[in-house]
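Engineer: The lines below spell out each chain.
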Amino acid sequence: MAHDHNVNPNAPLEYQSETGRLNITGFWTFLGAEIALFSTLFASYFALQARVGDGPTSNEMFEAGLVMIMTMLLLTSSFTCGIAIHEMRANNKTGVIIWMIITLILGAGFIGYELYEFVHYVHEGVTLSTSAHWSMFFILLGTHGLHVSIGIGWIILLLIQLARRGLTPKTASKVFISSLYWHFLDVVWIFIFTCVYLMGMVN
Amino acid sequence: MSQQTKKGHFPWKHIIGFLISIALTLVAFATALWTDWSSSTIFIIILIFAVIQAALQLVMFMHMTEGEDGGLISGNTLFGFFIAVVIIVGTYWLMTSGHMHMGM
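Chains as they are written, first to last, in the UniProt record's numbering: chain F, 1 to 203; chain S, 1 to 104.
Simulated from the structure, these hints should not be mistaken for lab results.
Do not rely on the hints blindly, as some may be mistaken.
To be verified - The calculated lysine-lysine pairs, modelled on BS3-like cross-linking and capped at a C-alpha distance of 27 Å, are:
hint	chain 1	residue 1	chain 2	residue 2
1	S	Lys13	F	Lys170
2	F	Lys170	F	Lys93
3	F	Lys93	S	Lys13
Quick caveat: nothing in here was measured; it's all calculated off a predicted structure.
The following block holds chain F by itself, in its conformation from the complex:
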């Protein structure tokens, strides 16, 4: 049974091969490590949140409109990524590629707004070295933004492979894993939106 690499035709394509199934389970383990990584950044942010020194508070810098645009872009991209997987399970390669490209465009829009926000803050004199509070803000948000940027590059490469090789148990499990990564980044953003932005605008 352990050496059975026959396909299971009743399972969705990404689970059909033993390797694909194990890779998906292994990737969830990686996401467990990512949860631990982001938890340390959130812990540091909370611990240093009040240490604004001579710099401005969150409330003086955050703009509700910008935050909502970024949140909606990433939330919608998570949805379109889910639709791509739905299309994959209907064995529609073109559908997967189209919905994934929409996902990437929304993700790039998110990164664009985040860069705009960072550049805007730096122009206002708020940088990584302004205060402990802003150090943790830039590190937490920067780590998340870096993950999204890496995700965009990764999914572009996967889509090229998918276009060339078609939907097989191998490519399908890779696309499914990239979708897990993308949804996970939206989960992280939900907590950044709630704990950093909304609470920053309450205080």
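Following the hints, position chain S against chain F.
Structural biologist: Frame of chain F; chain S shown alone:
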């Protein structure tokens, strides 16, 4: 290939999950910015909304519970979140409750 195609091609699960996520985001936004409740009350309420929304993503979009390894994956992820809560609450408590001033 006898590819199993889902009955009913329309992705209802995703659309419902998306609409609930948008609603939770907007309600959290309104609670934070348009109420004059205390900040700790607001924090507890919007944190509950965030946890619900995260669970929706994990179950409806990431299909966490499905497949042969669904139980293992769910247990692993819940343990990850448990570790996250311990790290965050523990660090915050340690750094803000005054222990740091002892002997300094």
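Engineer: Taking 27 Å as the top limit, are the C-alpha atoms of Lys93/F and Lys13/S close enough?
Structural biologist: holds, 21 Å
Engineer: Just to be careful, I want the Cα atoms of Lys170/F and Lys93/F compared with a cutoff of 27 Å; is the pair within it?
Structural biologist: holds, 14 Å
Engineer: Would the hint linking Lys13/S and Lys170/F be met if the CA-CA limit is 27 Å?
Structural biologist: The given pair, whose Cα atoms are some 25 Å apart, holds under the 27 Å limit.
Violation of the numbered hints given earlier is absent; every hint is satisfied by the structure.
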